[in-house]
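Colleague: Sequence:
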Amino acid sequence: MKIVRKIAVIILILFLLVALIIPCVNKIRTVRIKNDYSDIFKNEKYHKPVFVSGITVFPQKYSCGYAVIQMISQWNNSGLTEEALYKEHGKIVTSTGRAFAKEMNRKFPEYKTRMYKYLKNTQLIDKVYESLCTGVPVPFEWAAKKDGEWTLHYSLITGLDVPANKVTIANPYGFVEEISLEDFLSRTSFDAYEKMPLFIKLGFAYGVFERNAVFILEPEQSY
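Residue numbering for the sequence shown follows the numbering used here, starting at 1 and increasing by one per position.
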């Protein structure tokens, strides 16, 4: 019995250590993403605005994740709808970044969808720019308002004009919006999310949700 108790105590200590370490690691990662991006305005690489045309905004009925998949499907001419996705699963299966990437890979096998998370500001901008240069829109996670309340949200980046300080976003809340890079990064980092509920804070602390996260669709044949 003493051995069993010792093992139980060791397991409890290890569990507590992990519970303490994970939030600390994610806090460090959060601080590291906020690097200075001002040099991109001088960098000739980003002088040419890039846009993806042919994107239709579908206001979400079930979830923003499903609506983004429908928008990509329409752009990709593959005919998926938000209703069909919900009927297939009977629930929402895109509530986390990992789950969204998994569903993207299931529905678009011609691409490998990779989630890049906790990117530094400059890395995030570069990932978006590179993808748009190849004509591929970029799904991403960010803080967005609905009816005056902040939410965790998926949307689709369709344009980036660095000289004009403008990011173009197809938002499943039913509209296209253009925002500055400063606003964009404030919302992808979730700094803009005021009065964040405790359960969402815990979700970020324990890696359920991600900051500065984008989903890049890379042609499968390149692997």
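Bear in mind the hints are in silico, worked out from the structure with no lab data behind them. Quick caveat: nothing in here was measured; it's all calculated off a predicted structure. Note that the Cβ used here is the ideal one computed from N, Cα and C, for glycine as well. Treat the hints with care, as some may be off.
Here are the in silico distance ranges between beta carbons for each label pair [unchecked claim]: (1) GLU110 x LEU198: 17 to 27 Å; (2) PRO219 x PRO49: 34 to 44 Å; (3) ALA84 x HIS47: 38 to 48 Å; (4) LYS61 x PRO219: 39 to 49 Å; (5) MET196 x THR134: 27 to 37 Å; (6) ASP183 x GLU130: 34 to 44 Å.
Colleague: Check the structure against each numbered hint from earlier and tell me which ones fail, lowest number first.
Modeller: Those not satisfied are hints 1, 2, 4 and 6.
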